[in-house]
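Q: Below, each chain spelled out in residue letters.
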Amino acid sequence: SAVISQKPSRDICQRGTSLTIQCQVDSQVTMMFWYRQQPGQSLTLIATANQGSEATYESGFVIDKFPISRPNLTFSTLTVSNMSPEDSSIYLCSVEAGRGRASDYGYTFGSGTRLTVV
Amino acid sequence: DAKTTQPPSMDCAEGRAANLPCNHSTISGNEYVYWYRQIHSQGPQYIIHGLKNNETNEMASLIITEDRKSSTLILPHATLRDTAVYYCIVRSDSNAGGTSYGKLTFGQGTILTVHP
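Taken in order, these protein sequences are the chains called A and B.
Just so we're aligned: 118 in the numbering used here is position 118 of the first sequence, and the numbers increase by one with no gaps anywhere.
In the numbering used here, each residue carries its 1-based index in the second sequence increased by 118.
This is chain A alone, in the form it adopts within the complex (with noise of 0.2 Å):
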């Protein structure tokens, strides 16, 4: 199954500021998605990227506070901006490798990022 780096891995940053988190993939995939963990709380689906095409945003996420980028097959980022304390969380990238072999394997994810905003 793919592997996933992500970094970074964790970060402490000022209120008002962004950070871009990225997500590198050791082999081609399809689609990527960003997840968020609030502290306690499961995962949330941001959004789903696929190259070359806007990402897909999920109720209640707009593009303008969490913009993606996805300008390969094995690459993304998702920017985190003008952060406050609520946006405190583990942010996950996660893989699809493809209809068929998404059914081999499940998904992959990155061991996440974790951010602090103080």
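None of these hints come from the bench; they were simulated from the model.
Using N, Cα and C, we set each Cβ at its ideal position, and we do this for glycine too.
Be a bit skeptical, because a hint or two may be false.
To be verified - Some, not all, of what chain A presents toward chain B, calculated at C-beta under 7 Å:
1) T56
2) L92
3) G106
4) G112
Add chain B to chain A, keeping to what the hints say.
A: Below, chain B without anything else, positioned relative to chain A:
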């Protein structure tokens, strides 16, 4: 998206089988059931998935009822390292820009504590 219901917590003695139930009564005919676990401060780890038939791999077994409205994850010989949050997920079909894909919607999961 089909929702799942799991007990918030369970205990299991080390060496015994851990049986984690999940209710997914609104599942559609072509939706898969996935199980993941998350150990503190790590990304979710894939365990197993299935559609209709029971499945087994080196980590666990998945028992899906005939009507597909519920399932049970079985860890045959639980160890202390199996202490984690276990998520039962129904993968729903979605489409973005003409590309179909599966979307995972996480519920609250079950906190499994394995004790000596």
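Q: Each of the hints needs a verdict: does it hold here or not?
A: Now for the hints, and whether the structure bears them out:
1. T56: 4 Å, holds
2. L92: OK, holds: L92/A within 7 Å of chain B, min 6 Å.
3. G106: Holds, about 4 Å.
4. G112: Since the shortest Cβ distance to chain B is 5 Å, the answer is holds.
Going down the numbered hints, you'll see the structure goes against none, and every one checks out.
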